[in-house]
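Chemist: Sequence:
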Amino acid sequence: MPKIGNIELPDFPLLLAPMEDVSDPPFRKLCKEQGADVVYTEFISSEGLIRDAAKSVIKLDIYEKERPVGIQIFGAELDSMLQAVDIVEKSNPDIIDINFGCPVKKVVSKNAGAGILRDIPLMVKLTEEIVKRTKLPVTVKTRLGWDQSSIKIVEVAERLQDVGIEAISIHGRTRVQMYKGEADWKPIAEVKNNQRMHIPVFGNGDVDTPEAAVKMRDEYGLDGAMIGRASIGYPWFFKEVKHYFKTGEHLAPPTMQERVEAARRHLQMAIDWKGEKLGVFETRRHYTNYFKGIPHFKEYRMKMVTSDDAADVFAAFDEVQEKFGDYQFA
1 MPKIGNIELP
11 DFPLLLAPME
21 DVSDPPFRKL
31 CKEQGADVVY
41 TEFISSEGLI
51 RDAAKSVIKL
61 DIYEKERPVG
71 IQIFGAELDS
81 MLQAVDIVEK
91 SNPDIIDINF
101 GCPVKKVVSK
111 NAGAGILRDI
121 PLMVKLTEEI
131 VKRTKLPVTV
141 KTRLGWDQSS
151 IKIVEVAERL
161 QDVGIEAISI
171 HGRTRVQMYK
181 GEADWKPIAE
191 VKNNQRMHIP
201 VFGNGDVDTP
211 EAAVKMRDEY
221 GLDGAMIGRA
231 SIGYPWFFKE
241 VKHYFKTGEH
251 LAPPTMQERV
261 EAARRHLQMA
271 IDWKGEKLGV
281 FETRRHYTNY
291 FKGIPHFKEY
301 RMKMVTSDDA
311 ADVFAAFDEV
321 QEKFGDYQFA
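The sequence shown begins at 1 in UniProt numbering and counts up by one.
The reader is advised that the hints may include incorrect statements.
[To be verified] Here are the simulated EDC-like cross-link-like pairs (lysine to aspartate or glutamate), alpha carbons at most 16 Å apart as the crow flies:
| id | residue 1 | residue 2 |
| --- | --- | --- |
| 1 | K277 | E322 |
| 2 | K303 | E282 |
| 3 | K90 | E64 |
Since the hints were derived computationally from the structure, they do not count as laboratory data.
Can you make the complete structure from the sequences, with help from the hints?
Modeler: Structure below.
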C-alpha cells in the first residue's frame with residue numbers, strides 16, 4: 001500500500017489533481033464523496049500569499065471532511081516559497097505540494113511551474129529547502145521535461161527523492177506539448193522502475209476512462225493515478241473507476257436527477273464559499289460535462305453559462321430536470 005509520509009493510502013489511490021478555478025472546496029467535497037482518496041487545492045502563488053492577496057489566501061480554506069488534503073504552491077523565488085510554506089502550515093493541511101508542472105505562459109515566464117524544468121538545479125534546491133522548512137510531507141507535481149529533447153525525468157525524480165519528497169506525480173507530457181497529443185506514460189514507468197526509487201510514483205494525463213486507469217496500474221505499474229480533466233463536471237469518475245477495479249464492469253452512469261442535484265449543490269456551495277458573482281462564474285466550466293450527451297441541449301447550457309444571476313441558473317436546472325428527467329445516459 002502506498003504512503004505519503006505517514007498517510008496510508010489504499011491500493012492504487014485516485015488523486016484529484018490541483019486545477020486552477022476547479023479544485024476548490026465545493027468541487028473537492030463532491031469528488032471526495034465519490035471516492036477520491038487524496039484531493040489537492042488549486043495552485044497558490046507564493047508571491048500572492050506573502051502579499052496577502054485575497055485570491056491566494058482564500059485558496060487556503062480546507063475542511064476536515066476533505067482529508068487527506070494537500071495545498072499546492074508555486075513560485076521560483078526561494079525566500080517567497082519559504083514564507084509561503086510558513087503561511088500554508090497554519091492552515092494545517094496534510095501535505096504540501098510543489099507545482100513544477102503548470103505550462104501556462106504567465107507562470108512559466110516567471111520561471112515557475114513548468115518553467116523551472118529549464119533549471120533543474122534550482123528545482124532541486126527549492127525542493128530541498130522547502131522540505132527542510134516544514135514537518136509536513138512534501139510532494140511534487142511535474143512534467144516529463146521542458147521539451148522532447150530535454151526529458152530527464154528519471155534523474156530529476158531521483159534527485160527530488162534524495163532531498164526528501166514523499167511522493168511525485170508526473171504528467172506524461174512536456175511543457176512544450178501543453179495538453180496536445182497523447183500523454184506518454186512510458187517515462188513515468190521508467191521512474192517507477194528505477195531501483196533507487198522508493199516513494200510513490202503517481203501518473204497523470206489522459207486517465208479519462210476506467211480502462212485507462214487499469215492500464216496505468218497493470219501495464220505501467222504505477223502507484224496511483226492523478227485525475228484532472230476527466231473529473232471536471234463529473235465527480236462520479238472516481239467511483240466509476242473503483243467499481244471497474246472491483247468488478248471489471250462499468251457502473252451505470254448517474255441519472256438526470258443525480259446530475260441536477262450535484263450541479264445544484266455545487267453551485268450553492270460555491271456561492272456560500274466565494275459569493276454569488278464568483279460562485280456563478282467559476283462553476284460554469286462544469287456544466288457541459290454534468291449534462292454531456294443530452295441532445296438539443298444548447299439552449300439550456302447557454303442559460304447556465306451566460307447568466308450572472310444564481311436564480312437564473314437554478315431555474316435552468318429545474319427546466320432541465322422537467323424536460324429531460326427521463327433521459328437515459330449511455
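Chemist: Output the numbers, in ascending order, of every earlier hint that fails for this structure.
Modeler: 1
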